[in-house]
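Undergrad: Spelled out from the first residue to the last, the chains are:
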Amino acid sequence: MPPTVRLRDASEYPDPAHKLFELGKRWFNYDFTEPPAMSRVMAWDPEFGGPHGRAMKRAMGPGEFTRAEKEMVAAVVSGVNACAY
Amino acid sequence: MTDDALWYEAALVVGITNALNVVADAPLEALEPADTSPEVEAVYAEIRAFYERAVPAAFRRLAGDPGYLADVWAATRRAFSDNRLPRPFKEALAFAVSVTTRSAFGTEFHLHELRRLGVGERGVLEVLGVTQMFSSYTKIADTLQLEPDMHGLAPVDRTPAPGGEARPAPERAEAP
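If you're matching them up, the sequences are chains D and Z in order.
For the first sequence, this note's numbering gives the first residue as 1, with consecutive numbering after it.
For the second sequence, this note's numbering gives the first residue as 1, with consecutive numbering after it.
Quick caveat, the hints were computed from the structure, so don't treat them as lab data.
Please note: incorrect hints may appear among the correct ones.
Unchecked claim - Computed cross-link-like contacts, EDC-like style, restricted to lysine to aspartate or glutamate with a CA-CA straight-line distance of at most 20 Å:
#1 D:Lys19 / D:Asp31
#2 Z:Lys139 / D:Glu64
#3 D:Lys25 / Z:Glu147
#4 D:Lys25 / D:Glu64
#5 D:Lys57 / D:Glu47
#6 Z:Lys139 / D:Asp31
#7 Z:Lys139 / D:Glu71
#8 D:Lys25 / Z:Asp149
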């Protein structure tokens with residue numbers, strides 16, 4: 001099923017969004033040819049995407065559980081929510 | 001977390017957690033037998049020892065069929081025992097599953113287990129935070145019908161199944 005919306009290329013976003021894309025690249029430590037779809041969704045409304053992204057990074061940072069363990073928790077939650085993305 | 005073995009282990013925890021939760025959360029008290037056979041008592045003793053608490057409803061409701069109870073318990077014990085993934089982390093996964101699926105039984109039970117196994121309040125809140133954040137991302141992704149686009153991030157584990165023989169990695173198809 002195609003996406004509900006047309007995902008914009010990174011080039012269609014204003015400059016401040018590119019900072020978010022750069023942060024995403026660093027977070028995943030992966031050189032995407034195009035920012036992941038979710039990064040582009042979050043950059044659509046920076047007043048939502050900014051704090052949501054910070055909350056995510058705070059939740060995913062190492063603490064009693066490692067980042068890797070938390071990625072597994074995230075995958076499990078996504079699986080239970082039957083989310084293919 | 002690049003070894004597939006870890007993910008297989010996690011998936012088994014998720015599956016059996018959900019299986020226990022659906023029975024424990026349903027109004028099935030009538031299925032809990034008043035008297036238990038020696039076979040059932042033997043299984044109950046293992047369950048009490050494993051959890052250091054009374055036998056949870058999820059198992060009591062299976063006691064009418066001792067063979068079935070024994071098999072479900074054996075699978076549960078296997079899934080939750082220390083293996084490649086440590087038991088406290090498995091409880092964290094089960095807690096996340098239970099919160100996500102709104103299981104009252106599972107949420108209370110696995111929160112209790114997390115604490116009993118030494119996970120502090122910070123750790124509990126960390127799991128809750130990840131669960132909440134990814135309950136948000138997944139619904140945003142579903143609403144917009146986003147297609148997966150991060151397959152390339154993780155390497156493929158080419159090791160065989162336990163006890164199996166390794167096979168050579170498939171050759172890459174050459175570009176025309």
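Undergrad: Each hint needs a verdict: does it hold in this structure or not?
TA: Quick rundown of the hints versus the structure:
no.: 1; hint: D:Lys19 / D:Asp31; in the structure: holds, 14 Å
no.: 2; hint: Z:Lys139 / D:Glu64; in the structure: violated, 27 Å
no.: 3; hint: D:Lys25 / Z:Glu147; in the structure: holds, 19 Å
no.: 4; hint: D:Lys25 / D:Glu64; in the structure: violated, 25 Å
no.: 5; hint: D:Lys57 / D:Glu47; in the structure: holds, 16 Å
no.: 6; hint: Z:Lys139 / D:Asp31; in the structure: violated, 26 Å
no.: 7; hint: Z:Lys139 / D:Glu71; in the structure: holds, 17 Å
no.: 8; hint: D:Lys25 / Z:Asp149; in the structure: holds, 14 Å
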